[in-house]
Amino acid sequence: DTAVSQTPKYLVTQMGNDKSIKCEQNLGHDTMYWYKQDSKKFLKIMFSYNNKELIINETVPNRFSPKSPDKAHLNLHINSLELGDSAVYFCASSQETIANYGYTFGSGTRLTVV
Amino acid sequence: EDQVTQSPEALRLQEGESSSLNCSYTVSGLRGLFWYRQDPGKGPEFLFTLYSAGEEKEKERLKATLTKKESFLHITAPKPEDSATYLCAVQARSSASKIIFGSGTRLSIRP
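Just so you know, the protein sequences line up as chains V and W, in that order. Note that the numbering used here has the first sequence beginning at 60, numbered continuously upward. Note that the numbering used here has the second sequence beginning at 6, numbered continuously upward.
In short, the hints are calculated from the structure, not lab data. We put the beta carbon where it would ideally sit given N, CA and C, even for glycine. Treat the hints with caution; some may be incorrect.
Stated by the list, open to error - List of simulated lysine-lysine pairs, DSBU-like, C-alpha gap at most 35 Å:
1. K100/V x K84/W
2. K68/W x K103/V
3. K126/V x K47/W
4. K111/V x K95/V
5. K126/V x K68/V
6. K95/V x K68/W
7. K95/V x K47/W
8. K73/W x K68/V
9. K95/V x K84/W
10. K111/V x K99/V
11. K130/V x K47/W
12. K126/V x K84/W
13. K68/V x K68/W
14. K100/V x K62/W
15. K111/V x K84/W
16. K84/W x K68/V
17. K100/V x K47/W
18. K78/V x K47/W
19. K99/V x K74/W
20. K84/W x K62/W
To be verified - Residues from chain W that face chain V, not an exhaustive set, calculated with beta carbons under 7 Å:
21. F39
22. K47
23. G48
24. F106
Start from the sequences, fold in the hints, and give me the full structure.
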């Protein structure tokens, strides 16, 4: 099926650990994103890549590092996890001109830091 | 600063009871306004894009409208399967690579 897929779906880890979330899209889109959804359901953009090039880097701690090996993949690595990093992380993709079709989102990764 | 505010935060309706959700926005040059539906444990699902004041789009029981300051999502004769969180988002001309989301309206339809 054509989709944006994220792994893992759930991630429970201790403070101070390093973890990665993987994202892949097979829609042929040029642009991929990472969004964070907090407990109040606000979706906030973290990063955006277009054809493997970083184009958006919002005010995010440098413990968060995205990596795009090719335009179909965008991974998120988080160092030294903190309690406040607990949230749902969504990967999304879009055609370069998104105004027509919006984003296609993955199903999310629920990260819990204990 | 670009901003999106949605109201109400939560809305409970009886099946068949029509209503509207509001999205107020402040953006420096609107390129597009989006509506998404989000079910629990899932990612947002795209519904509509609106570009200019006066525009309307419809899909089944949903109709989205746009003015220069706000958008409405009208739901006519809703069914329980319409229960979800509805998210509004805007895309500014100045930062076309990202869209900014509101916090959503949780809609619950009782049978």
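Each hint tested on the structure:
Distance hint between K100/V and K84/W is fulfilled; the C-alpha atoms sit about 23 Å from each other, no more than 35 Å. Note on K68/W and K103/V: the hinted pairing holds, with a Cα-Cα distance of about 26 Å set against a maximum of 35 Å. With a C-alpha separation of about 24 Å, the suggested pairing of K126/V with K47/W holds against the 35 Å cut-off. For the suggested pair K111/V and K95/V, the alpha carbons sit about 20 Å apart, so the restraint of at most 35 Å is met.
Between K126/V and K68/V the CA atoms are separated by roughly 19 Å; this keeps the pair inside 35 Å, and the hint holds. As the CA atoms of K95/V and K68/W are separated by approximately 28 Å, the hinted pair is consistent with the 35 Å bound. For the proposed pair K95/V and K47/W, the alpha carbon gap of about 13 Å is at most 35 Å, so the pair holds. Proximity of K73/W to K68/V is assessed by CA-CA distance (about 39 Å); at most 35 Å being required, the pair is judged violated.
At most 35 Å may separate the alpha-carbon atoms for a hinted pair to count; K95/V and K84/W meet this at roughly 30 Å. For the hint pairing K111/V with K99/V, the CA-to-CA distance comes to about 31 Å; that is within 35 Å, so the pair holds. Pair hint K130/V plus K47/W holds up; C-alpha atoms about 23 Å apart against a cutoff of 35 Å. Of the supplied pair hints, the one linking K126/V and K84/W is violated, its CA atoms being roughly 42 Å apart against a limit of 35 Å.
With a C-alpha separation of about 33 Å, the suggested pair K68/V and K68/W falls inside the 35 Å cut-off, and the hint holds. Of the supplied pair hints, the one linking K100/V and K62/W holds, its CA atoms being roughly 25 Å apart against a limit of 35 Å. Between K111/V and K84/W the alpha-carbon distance is near 43 Å, which puts this suggested pair outside the 35 Å criterion. In summary, the hint linking K84/W to K68/V is supported, as the alpha carbons are separated by about 29 Å, within the 35 Å threshold.
For a cut-off of 35 Å, the pair hint linking K100/V to K47/W stands: about 12 Å separates their Cα positions. For the proposed pair K78/V and K47/W, the alpha carbon gap of about 22 Å is at most 35 Å, so the pair holds. Proximity of K99/V to K74/W is assessed by CA-CA distance (about 24 Å); at most 35 Å being required, the pair is judged to hold. For the suggested pair K84/W and K62/W, the alpha carbons sit about 19 Å apart, so the restraint of at most 35 Å is met.
Hint status for F39/W relative to chain V: holds, with the closest Cβ pair at about 5 Å, below 7 Å. Satisfaction of the interface hint for K47/W is found here, the shortest Cβ-Cβ separation to chain V being roughly 5 Å, below the 7 Å cut-off. Residue-level restraint check for G48/W holds (minimum Cβ-Cβ distance to chain V is 3 Å; threshold 7 Å). The closest approach between the C-beta of F106/W and any C-beta of chain V is roughly 4 Å, which is under the 7 Å cut-off, so the hint is satisfied.
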